[in-house]
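First to last, the sequence lines map onto chains A and B.
Number 485 in the numbering used here belongs to position 485 of the first sequence; there are no gaps in the numbering.
For the numbering used here, add 1000 to where a residue sits in the second sequence, where the first one is 1.
Worth flagging that the hints you see were computed from the coordinates, not collected in a lab.
Note that the structure is a prediction, hence the values are computed from the model and not measured.
All residues carry an ideal CB built from backbone N, CA and C; glycine is no exception.
Honestly, I wouldn't trust all of these hints.
[What the hints assert, rightly or not] For lysine-lysine, the following DSS-like pairs were computed, each having C-alpha atoms within a straight-line distance of at most 27 Å:
no.: 1; chain 1: B; residue 1: Lys1521; chain 2: B; residue 2: Lys1578
no.: 2; chain 1: A; residue 1: Lys305; chain 2: B; residue 2: Lys1377
no.: 3; chain 1: B; residue 1: Lys1697; chain 2: A; residue 2: Lys377
no.: 4; chain 1: A; residue 1: Lys556; chain 2: A; residue 2: Lys429
no.: 5; chain 1: A; residue 1: Lys573; chain 2: A; residue 2: Lys433
no.: 6; chain 1: B; residue 1: Lys1578; chain 2: B; residue 2: Lys1556
[As the list claims (entries may be wrong)] Label-pair restraints from in silico Cβ distances:
no.: 7; chain 1: B; residue 1: Ala1256; chain 2: A; residue 2: Asp401; range: 44 to 50 Å
no.: 8; chain 1: B; residue 1: Ala1248; chain 2: A; residue 2: Asp285; range: 17 to 23 Å
no.: 9; chain 1: A; residue 1: Pro207; chain 2: B; residue 2: Ala1757; range: 38 to 44 Å
no.: 10; chain 1: A; residue 1: Ala405; chain 2: B; residue 2: Ala1248; range: 15 to 21 Å
no.: 11; chain 1: A; residue 1: Trp49; chain 2: B; residue 2: Glu1648; range: 41 to 47 Å
no.: 12; chain 1: A; residue 1: Ala378; chain 2: B; residue 2: Pro1312; range: 31 to 37 Å
no.: 13; chain 1: A; residue 1: Glu238; chain 2: B; residue 2: Ile1725; range: 52 to 58 Å
no.: 14; chain 1: B; residue 1: Glu1648; chain 2: A; residue 2: Glu245; range: 48 to 54 Å
no.: 15; chain 1: A; residue 1: Pro207; chain 2: B; residue 2: Asp1705; range: 53 to 59 Å
2 protein chains.
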Amino acid sequence: MQALLDGNEAVARVAYALNEVIAIYPITPASSMGEWADAWAAEKRPNLWGTVPSVIEMQSEAGAAGAVHGALQTGSLATTFTASQGLLLMIPNMYKIAGELTPTVFHVAARTIATHALSIFGDHSDVMAARATGWAMLCSASVQEAHDFALIAQAATLESRVPFLHFFDGFRTSHEIANVTLLEDDQLRAMIDPELVFDHRSRALTPDHPVLRGTAQNPDVFFQARERANPFYRDCVEVVVETMERFATKAGRTYAPYEYTGAPDAERAIVAMGSACETIDETVDALGEKVGLVKVRLYRPFDPKRFAACLPPTVRAIAVLDRTKEPGSVGEPLYLDVVTALREAGREMPVIVGGRFGLSSKELTPAMVKGVFDELKAERPRNHFSVGIRDDVTHNSIDYDPDFAIEREDVVRALFYGLGSDGTVGANKNSCKIIGDAGRYAQGYFVYDSKKSGAMTVSHLRFGPRPIRAPYLIEHAAFVACHHPSLVGRVDVLEHLADGGTFLFNGSEIPESLHAGLAAKRARVFAIDASRVARDCGMGNRINTIMQVAFFACSKVMPFEEALDAICNAARKSYAHKGAAVVEKNLKAIDATLANLHEVTITAAAAPLPPEAGLDLLAMLLANRGDELPVSAMPCDGTFPTSTARYEKRNLAQALPVWEAAACIQCGKCAMVCPHAAIRIKAYDEALIGNAPATFKSLRPMHKDWSGLAYTIQVAPEDCTGCTICVDVCPARSKTHPEQQALVMQPQAPLLDAERANWEFFLGLPE
Amino acid sequence: MQALLDGNEAVARVAYALNEVIAIYPITPASSMGEWADAWAAEKRPNLWGTVPSVIEMQSEAGAAGAVHGALQTGSLATTFTASQGLLLMIPNMYKIAGELTPTVFHVAARTIATHALSIFGDHSDVMAARATGWAMLCSASVQEAHDFALIAQAATLESRVPFLHFFDGFRTSHEIANVTLLEDDQLRAMIDPELVFDHRSRALTPDHPVLRGTAQNPDVFFQARERANPFYRDCVEVVVETMERFATKAGRTYAPYEYTGAPDAERAIVAMGSACETIDETVDALGEKVGLVKVRLYRPFDPKRFAACLPPTVRAIAVLDRTKEPGSVGEPLYLDVVTALREAGREMPVIVGGRFGLSSKELTPAMVKGVFDELKAERPRNHFSVGIRDDVTHNSIDYDPDFAIEREDVVRALFYGLGSDGTVGANKNSCKIIGDAGRYAQGYFVYDSKKSGAMTVSHLRFGPRPIRAPYLIEHAAFVACHHPSLVGRVDVLEHLADGGTFLFNGSEIPESLHAGLAAKRARVFAIDASRVARDCGMGNRINTIMQVAFFACSKVMPFEEALDAICNAARKSYAHKGAAVVEKNLKAIDATLANLHEVTITAAAAPLPPEAGLDLLAMLLANRGDELPVSAMPCDGTFPTSTARYEKRNLAQALPVWEAAACIQCGKCAMVCPHAAIRIKAYDEALIGNAPATFKSLRPMHKDWSGLAYTIQVAPEDCTGCTICVDVCPARSKTHPEQQALVMQPQAPLLDAERANWEFFLGLPE
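Work out the full structure: start from the sequences and follow the hints.
Have a look at this one:
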């Protein structure tokens, strides 16, 4: 069965089906694996053996690892999900779980470990920090592999008794939605040998046949005991090979621990792990040169012989790409392993270099991959390079042509700029499903700002006739939608619009600032005032369905009538439980969309302005242009100036709370509860009012200590997010004049200039 | 100034002098560094700048690392001490401390990480688990180096801004006492640049000049920021080199990050870290072959060029010895680094192999070192070998001739078998001091069982005319003392007695079982009933001073009169605060020792019996013969049978509590408080007494529910440790008959057989 789901769900489905105890603690980007498991347990979904797994949230990842360790020792099948610092907290238990040869799989959505800064994004620094624990490590490169390897790891751990860390790239794989061929229960059952489960149970600590495990050992025997486990590691690779072969017969998908793709007579090769393999693989195909890729799936135990054997004999130069950085080391871990493995296998070659890429979800594009292959042409290629950034400090970065691209014409690429919580991402996931159901392959990837709600989201959608293997952001989109007028000016929404592409804008008219760019790209331009349509249809701020319809209407990604049917059906299904009226509103909004969507003709003479040059670090960050910054622009130790939030007026509110002074009882609650500190109160000398802007309001204060002063409650219009908490708590709301309130939400746009002036004046008043 | 101290104290002295905040949490074998710091702070000892460091014990090592991280960010000089799992808990903070380029030194007494079993002993598995954190790692090989490197690390971290993990072998270096040339305050001052301290302070987080540090970064800039720290790591090695050179001019001891010793035209070389370097170095000297050693002091940043440059051009085969095991890896970490470093430096050679040694304080002797060098003579030496054990499972271990030894004739080697808490270790430390004060070099190493109090201790003492560089246990001792008769039979106290050596026994006569062995070794034998002498002199069980005097009298390690003076002075000094009477007792005991010590003539025809063969795993462990066990004897996953404590009757009590039934009020407290569950109570059918041994006691029970039954309180004579807690809590002690007690301590020996029989009978009674 095909389904469209993200990597976390793809893994959680298998892990849930194959375990009895699931101890969890949430950490981005692994959280949703635990959330799925928790939700399924709550609805009593059974695992493969018909029992409902115990899902327990612990007090930290250390507790989760301890709970799993304990459960395993009772003979249960147990697992957990984690990333980054969470994985670090599990390391002490992991050494013991491995030392005791206990079968289990931990699923890790690999994420950066915090160093000079925290990052919630993806790289391999966390799993590499666990590579000394004695765990097998199996790496997935795609959502389908993550789904499949969750099973392969479980089957292999039961047979080998070596615990498995199954990892995949945080966000890139954990959060990408893609078409997956789901494993059926009978396939799971065919892969999990009940005898091996029984063997695991028979090793349990139980009063019925007690044994002693977890002793203290002294110098006399510890070393011998540690070497006693050697046969299990020696045999583990063979177990993985056989498990993968068995998997191929049951599921029809073929994997190997080390897999070469590319020219059979390749002279240059890249070695890599994780989602980058998809990009490199496609680039190798597109280049058509004597190049190739070795995908490392089984990182531990690392088998030098099998690794070397899969390399064509013609290869004379290798670049090993590590998605981690270990300052002070001779080289990053995969590089060290490859150098040593090739030496031991007698397959040394003139050039083996190591490079770093993709730290903290930095992109690895086909252009960068080509850059690496080009570097390998040199007689003495740079070693310990970085790729994807410009290092103007230690000059380790390699050059590449950023315009090189390999994406095929028959893949539709669409970009959607929205705001967190505005429904854009949800609607796009639904669009992927509609297109997927129509028989095409879909990929959805959603770039969130770590500021979450109210921050920008960019949805990257690809649709094509074959599986999408492009785990990098879209650079040339045939379709771009801007779901929120306020994003214009904050980000260059046209940057990735392809020449001749389609641009869809939510707003009554296209902002002037976009005209030159749209004209230069010869774009077809559509506009709809979706916010107004939504209000008119009684849907408040919910523009997602409207913009979704508009997308299908403009983009022609599939026959529009089919898409419309699907959207209408989805609306009926999604909102049925909210009653017929809500369904009706949505269907009405769909009709209204078609009535209001219109094409706009842009004629502009002026060329678009180039981006402003010479911005400082903070200005570049705020302009969403951090990717352009070279290494020298960054502080060496993560230190920044303070008080810079004032340069980042997010101006998110669609509506502002307006102070109706007459109704105010001066309780001060609104200022107290505002989570953004965007409402403040002052009492000040009445005489100062003389200089106030015309719309500035004030009252006589009620409190007798303040007699002779004036009293003002003022909203900071660009800091307010329009969340309405202040309005909700206002006790003047339901008092003697129910038609009045002391705070009323009103549309922001007409108020903005006046309220800005009022806020300026208010700030100048004495405290 | 010279002093005799252990590695932990040697390090703590420097760390204390150079820091302001010391956050600690105790873990073996690092605890005493924190204990010293805590004690010095309590007595208000100032650091180098005249302030008393804040020493804070946190709730765990995670807390200690967090507290240090916080203190560093306030501009304080801060440190901590740890090992093993404690270091694992510090890793998350370590990544951040390094990422923020914060100067600090953590001092680690390297210890095994728990895997199939916990171990409190030493290897490098803990520090290797931290090698990805971006810390510099500096390794000391001896007590003197640990003292010196604590300073060098602090000076280098302030200059380089890279934090330093300074490590040395747990127990072997942390607990070995050795002669150390102490660093004077003016030497410390000369090495610590006040400008650099000021620089560190100026980077503090303070409201006076606020900065923002520890932000969240996104994919746009994280990678660039991470690479921004490259220059600090590039320069760090040079900083260490210069710091070591400056140290040489100030302190006269010369070090380099990578140091070669051995034949200038060596063909075979070993690469190693830690105390093993001392053994290998001495073995290289003794062998006089074309062999050499590269000592790795600076493990991170690892400098391939400097490393390669120190190797003679003639070397064609290298064995890299790692004191850790990473199952599933291509090879252990130092081996990977050396293979890659030599390749990068263009210094590849026909043979580079890796081997594991010394896990969990397993010995590395000169014989094993020779075994490694011999293996390197082969055209294809074994790779990934182990040395020091016999691996009959995966056959990775290399052979060596265990009789090969290199210890010089002018070094006195003495072994003392004692019991934990009997004063033997303290007396031996004092003997080292006496001999050290007399101008000879001393080394003391004390092997404790992890069972602690009441378990066997073996003191290994060496004395010689030059610094002792033999960080391994004594195998051939000119002097052996057995301080406790009960040890005979539990351990082969003669095993390491050299031919023609001296044997000193605490007891009125030499046990029969030793005669053959002593005769075969043509030993001079001395005996003294030290326990009786101690009692006669009113010193209770304290035999330590008596045995110390006897040692100097028999061993002739220095002129006896001098030693006697020193012992008398030490007794006067040590016991002065306890009053003149205690001093007098000690002096009397010293006189009594000389009066009672006598030489014994042994004549035995029978050859000593060879050790029993074919013992099973547990029997071998109990016989202290675990070192002889091959790999196949060990369980693969740390699993043992239960209920085996009964095979290990420790029989420690010198005195047993005897039940004076007539005085007993049957309260049951004695059984309740016994920490070893060695006192138990039963009420049973009176008729059963008919079969009791003659000395078995019983009472009519006071409780009316038990009328018609008999009541017995019985001591398990071989489980009792003689701790007297039962006697102390007995409420019948001070009742109507103060001359009577319900429990009275009496010497064990005459009671043992009868009480054994009573306990047997008691066990058979129904519950």
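So the hint says 44 to 50 Å: do the beta-carbon atoms of alanine 1256/B and aspartate 401/A match that?
45 Å, holds
Compare the distance between the alpha carbons of lysine 573/A and lysine 433/A with 27 Å, and conclude whether the hinted pair is satisfied.
Holds, at about 14 Å.
Range first: 31 to 37 Å. Now tell me if the beta carbons of alanine 378/A and proline 1312/B are that far apart.
Taking Cβ atoms as reference, alanine 378/A and proline 1312/B lie about 32 Å apart, which means the hint holds.
Given the hint of 53 to 59 Å, check if proline 207/A and aspartate 1705/B actually sit that far apart at their C-beta atoms.
The hint (53 to 59 Å, Cβ to Cβ) is violated, given that proline 207/A and aspartate 1705/B are roughly 31 Å apart.
Restraint status (C-alpha distance of lysine 305/A to lysine 1377/B at most 27 Å):
The hint holds at about 25 Å.
Using the beta carbons of glutamate 238/A and isoleucine 1725/B, state whether their distance is inside 52 to 58 Å or not.
57 Å, holds
Is lysine 1521/B close enough to lysine 1578/B, meaning Cα to Cα at most 27 Å?
Violated, at about 44 Å.
Pairwise beta carbon distance, glutamate 1648/B to glutamate 245/A, judged against the given window 48 to 54 Å:
49 Å Cβ-Cβ, so the 48 to 54 Å window holds.
For the pair we were handed, lysine 1578/B and lysine 1556/B, check the Cα-Cα distance against 27 Å.
31 Å, violated
Given the hint that lysine 556/A pairs with lysine 429/A, does the C-alpha gap stay at or below 27 Å?
Measuring from Cα to Cα gives roughly 17 Å; hence the hint holds.
Does the Cβ-Cβ separation between alanine 405/A and alanine 1248/B fall within 15 to 21 Å?
Once the Cβ atoms are compared, 58 Å apart, the range 15 to 21 Å for alanine 1248/B and alanine 405/A is violated.
Could you tell me whether the CB distance from tryptophan 49/A to glutamate 1648/B stays inside 41 to 47 Å?
Once the Cβ atoms are compared, 42 Å apart, the range 41 to 47 Å for glutamate 1648/B and tryptophan 49/A holds.
Checked against the numbered hints above, the structure violates hints 1, 3, 6, 8, 9, 10, 15; every other hint is satisfied.
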